[in-house]
Structures are given as structure tokens and as C-alpha cells.
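Chemist: Residue numbers (numbering that gives the first Met the number 0), protein chains in the order written: chain A, 0 to 238; chain B, 0 to 257.
The hints are simulated quantities; they were obtained by calculation from the structure and are not laboratory data. Virtual Cβ for every residue (Gly too), placed ideally from N, Cα, C. Heads up, a few of these hints could be off.
Selected chain B positions facing chain A (Cβ under 7 angstroms, derived; list incomplete) [what the hints assert, rightly or not]:
no.: 1; residue: Asp-191
no.: 2; residue: His-209
no.: 3; residue: Gly-233
Rough simulated footprint, nothing fancy, chain B against chain A, three-plus residues with beta-carbon under 8 angstroms [claimed, not checked]:
no.: 4; region: 60 to 72
no.: 5; region: 91 to 98
This is what each chain is made of:
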Amino acid sequence: MSAMTEQTDPMIAIQGLHKTFTLHTQNGATISALQSLDLTVSGGECVVVRGASGAGKSSLLRCVYGNYRAGGGAIWVRHQGAMVDVAKAEPRTILDMRRTTMGFVSQFLRVIPRIPTLDLVMEPLLTAGRSAEEAREQAGTILTHLNLPQRLWSLAPATFSGGEQQRVNIARAMVWDYPVLLLDEPTASLDRENRAAVVELILAARSRGAAILGVFHDREAGDAVATDTIELRANRLAA
Amino acid sequence: MTETPLLQATALTRMYGKRVGCRDVSFDLWPGEVLGVVGESGSGKTTLLNCLSAQLEPSGGEILYTRRDGRQVDIFALSEGERRLLLRTEWGLVRQNPRDGLRMAVSAGANVGERLMAVGARHYGDIRGQARHWLTELEIDAERIDDLPRNFSGGMQQRLQIARNLVTSPRLVFMDEPTGGLDVSVQARLLDLIRRLTRDLGLACIIVTHDLGVVRMLSHRLLVMRGGEVVEAGLTDQVLDDPQHPYSQMLVSSILPV
Ligand SMILES: Nc1ncnc2c1ncn2[C@@H]1O[C@H](COP(=O)(O)OP(=O)(O)O)[C@@H](O)[C@H]1O
Ligand SMILES: Nc1ncnc2c1ncn2[C@@H]1O[C@H](COP(=O)(O)OP(=O)(O)O)[C@@H](O)[C@H]1O
Ligand SMILES: [Mg+2]
Ligand SMILES: [Mg+2]
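Chain A extracted, bound-state conformation (with noise of 0.2 angstroms):
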């Protein structure tokens, strides 16, 4: 593969996703959360979903990331050089493409307690193979792009700030050069001059050529890291 194609070939290909949740704890009701999606996002890009709340934003980056599992359709992910279909993938392929691929940004930070902060940021890198003095570096650069103080980066987030553990999600998220960026609402939760450093995160992720997939609750980060953008729309079906 030439350099010129690999540039415009798509990270990320969607193909007719269906998402559906059958409640079986309540009578079978079922939500249809996507319908038919088609998407494609390329390295370099970032492409913004918009939709109102229950729009299946969420849903569609969890699908990408094989948190939720895909209805129908097909959602290709390129990874080491091979496109994989996430919705087929065996969890080991997924567990694998989360490591050195795919990084998530969640709205809530959910971690073992009492693992100090450093630790976190740490460990994406340790677990992608990088040296201990290695992730400590950059673990401490991201953080203190971030503007979390230093004297909490040997506690434990629990007690942090909303706003302080979001930006531990993100520099976990965002310390890995990940080459596709699933980001839910990375900047909720956090005052102007943190969301202007994760839009500048997520700026310089996209110069590096990364694929971005976002969701963003403020139009302004949104508007400032879009390359493109789609809309969702609400479609329940109850039954």
C-alpha cells in the first residue's frame, strides 16, 4: 500500500449499524437506538455527532469500541494495517485493539480505587509495552497539559472534582497516540481554560492523523475540533 492511499483510506467504516435494546426485565420492550448508520472517518479527521439527548450517540461510540454489541451491520476498524469488523471481532481481537488502537474517553471515570492518578495515566502505556520511566514522563506531560495539579497525582481520584477526574479519563485516553479517538463528552464537566486544553489535545490528535469519532455537549469545543459532522435523530420504538 502506497503512502498516498493509506492517507485517505478510511479508519473507520461503518456500514448499516443497527442497534437495538430488548429490555427482557421489562416485559421485552425493545428501543431502537441507531438504524441503518453509515459513516466513514478517515486519519486526520473529525468527524462530531450531533443529536439530541437519547439520540444513540453514546451507543454509536460504544458500538465502536465493542462495549455495546452491534445489532446488524458492519463496523470496520483498521487495525495494524487490517480492516476488522468490531461487530464479528472475537473479544480477544477487541481487548487487542483497545490496546494499541482504539482509545475511549467515557463521561465517567470508572477505575479500581485507590490506584494513584500517576498510576492511571501510566497504565495504557505499560499495558501497549512502554518502559516504566517512559509512561512516567509522558503520563506527568499529559497531566500537566491538562493542568491537574502534581499533589494529586499520588492519590487516588475517588475524591477528586468532577471536573479534575474527567481530566484523568482524558489524559488515560489521550496519553497513547491511539490512531481512532472515541470521545463522549470530553469536555463536560470542565471549566473554559481545561475544555481549551482538551480541544488543543484533540487538535494536535488530529494533526498526527488521527481518526476522531466525538460527541461533544458544547457547541464551541464541537465547532472547533469538527471536521465534518452528522446528526442523529431519536427513533424509539416501542413494542
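Once you have looked at the hints, place chain B with the ligands on chain A.
Modeler: Same frame as chain A, but now just chain B with the ligands:
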């Protein structure tokens, strides 16, 4: 990625007379992978774990294990002696009740040290040093190295049992409700420890628990059992956040969000 699974279970079944212990369980476990097995009491978790760890002969099915030397062996085709060697040199087994996994009449240090001696360690100072190290890792005061486990609290006994298992750097550890008897802070320490070990040593683990919080933090993949059968299997976060089977949905919805 490694090509052969560490452990391969195929159509594993164990009956107790007419009663089902576990039925038709199949899965692959890869090196370094932590597999959680969840389900309510009586769902067959312990039966499955005991079959996998060669403690209990299955009524049907097959378990293949890939040894350190790269050879894949059929666990139940091995001689009793070969199975015991496997348990000493490649596996760890953390039992639900620490009294079943410890020797209550010998000191804490000896409980840890004798596992090392079983794999050939002879230097008294080294063995004692290792024992102290692992006691400390599991938050047991190293000053208590000469105490008998029967004088320990239940939680301390469980930690000692885990120390005893980890001292020989096993490749695969079986754990049955490992955090059941531990207080919350020690649980967190232990979860952290197991996570670090699996990452740093490529240690694989099969953990049986009814605690979805434990598997959320520890396991990569999950099996959900009911009535001896696996009703759902997948990535841990996928099964917990987007459970497909009615029973998995019931399990997940019956715990408080954390
Ligand atoms: N795990 C789930 N189980 C059941 N329903 C869900 C789940 N996740 C999302 N939904 C439903 O799917 C629809 C889309 O939700 P979501 O993707 O979170 O939307 P958004 O992020 O746009 O607000 C909503 O009706 C929501 O209630
Ligand atoms: N030794 C035994 N003899 C007869 N029945 C047993 C024995 N051990 C377990 N069972 C039965 O097998 C089923 C699974 O039990 P078990 O594996 O202990 O489940 P769990 O560990 O999930 O609580 C249960 O119905 C249990 O009563
Ligand atoms: Mg959302
Ligand atoms: Mg049991």
C-alpha cells in the same frame, strides 16, 4: 498474538447423579487473560472451576492445557503424578475457604515457603526472604511470619493463601470467590495486585465470583452461568453494560450502580 490458547475447554459436563453440576461448557483462555465466571449460588461455578483445575473428574468433555514447554496436554489423560506436577509448577489454586488451601498446623512463613521448596528452592534465607516479601505484598505484617494461620483472622488467612499461591509465579491461577472474606480496602489492594501481576507476568486467571464489581475491575472476559450452563459470554464490559440474555440482564439490574 500467541497462537495456542493456554486452556481449551470443550463441551465440559459434570453430573452429580441426575443433578447437573455444569453442562456443555466450552471456551478458550489465552495467556495473560483474566476470565470471570459469575452466576448465583448453585449455578455451577465451583463445579466448573474444580473440573478445570483437575480437582474433579468431568462426566464428559475435554480440557487441553498448553504447558510452559509448549506442549498441549489433555488434563485428564495425564497421570496423577503429572497432574500434581502441573498444579505445583504451573498453576495456583485459591480456594473459597482458606482452611482448605492452607496447612493450619505450620507457620505462615512455612505455608508460603513450602510451595517454593516443592519446586526446588533450598536456600533457607532466600525462601524466608520471599515469604516475607509475599506476606507484605498481601498486607500481612511480616513480623507474623512464625505465627500459625489458625491464629489469623479469616481475611488474613485468605491473603496468606493467595501469597502461598503467588510465590511460585504460576502461569494460571484458579480462584473461587477470592475476595469473599476480605475487607474492602484489602479487596481493592488485592484487585490491584492481581491486575498488575496479570499484566507484568502474563499471568492468566479464572475467577469465580458472585460479585459483579470484582469482575468489572479484574476480568477481561466473562461467562454468565445459570443452572450449570453458560448463558452468555463476552467482553466483561460488554456483558455488564449491554447484557443480551434475560438472565444476565436480571443479574446486572439487580445490583446497585457503582
Ligand atoms: N445499555 C442500555 N440498555 C438499554 N437501553 C439503552 C442502553 N444504552 C442506551 N440505551 C437507550 O438507547 C437510546 C440512545 O441512548 P444513548 O446512546 O445514550 O443516547 P445519547 O448519547 O445520544 O443521549 C436511549 O433511549 C437510551 O435509553
Ligand atoms: N458434591 C455434590 N454432590 C451433589 N450435588 C452437588 C455437589 N456439589 C454441587 N452440587 C450441586 O451442583 C450444582 C452446582 O453447584 P456449585 O458448583 O457448587 O455452584 P456454585 O459454585 O455456583 O454455587 C448445585 O445444584 C449443587 O447443589
Ligand atoms: Mg450520551
Ligand atoms: Mg461456589
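Chemist: Please check whether Gly-233/B passes as an interface residue: C-beta within 7 angstroms of a C-beta belonging to chain A.
Modeler: At 6 angstroms from the nearest chain A Cβ, Gly-233/B passes the 7 angstroms test, so the hint holds.
Chemist: Checking hints one by one. Is Asp-191/B an interface residue toward chain A, by the C-beta closer than 7 angstroms rule?
Modeler: holds, 6 angstroms
Chemist: Measuring from the C-beta of His-209/B to each C-beta in chain A, is the shortest one below 7 angstroms?
Modeler: violated, 19 angstroms
Chemist: Can you tell me if the region 60 to 72 of chain A counts as covered by chain B, using C-beta to C-beta distances under 8 angstroms and a minimum of three residues?
Modeler: Since 5 is at least three, the answer is holds.
Chemist: How about the region 91 to 98 of chain A: do at least three of its residues have a C-beta closer than 8 angstroms to a C-beta of chain B?
Modeler: Contact hint for the region 91 to 98 of chain A vs chain B: holds, 4 residues under 8 angstroms.
When held up to the earlier numbered hints, the structure conflicts with hint 2 and nothing else.
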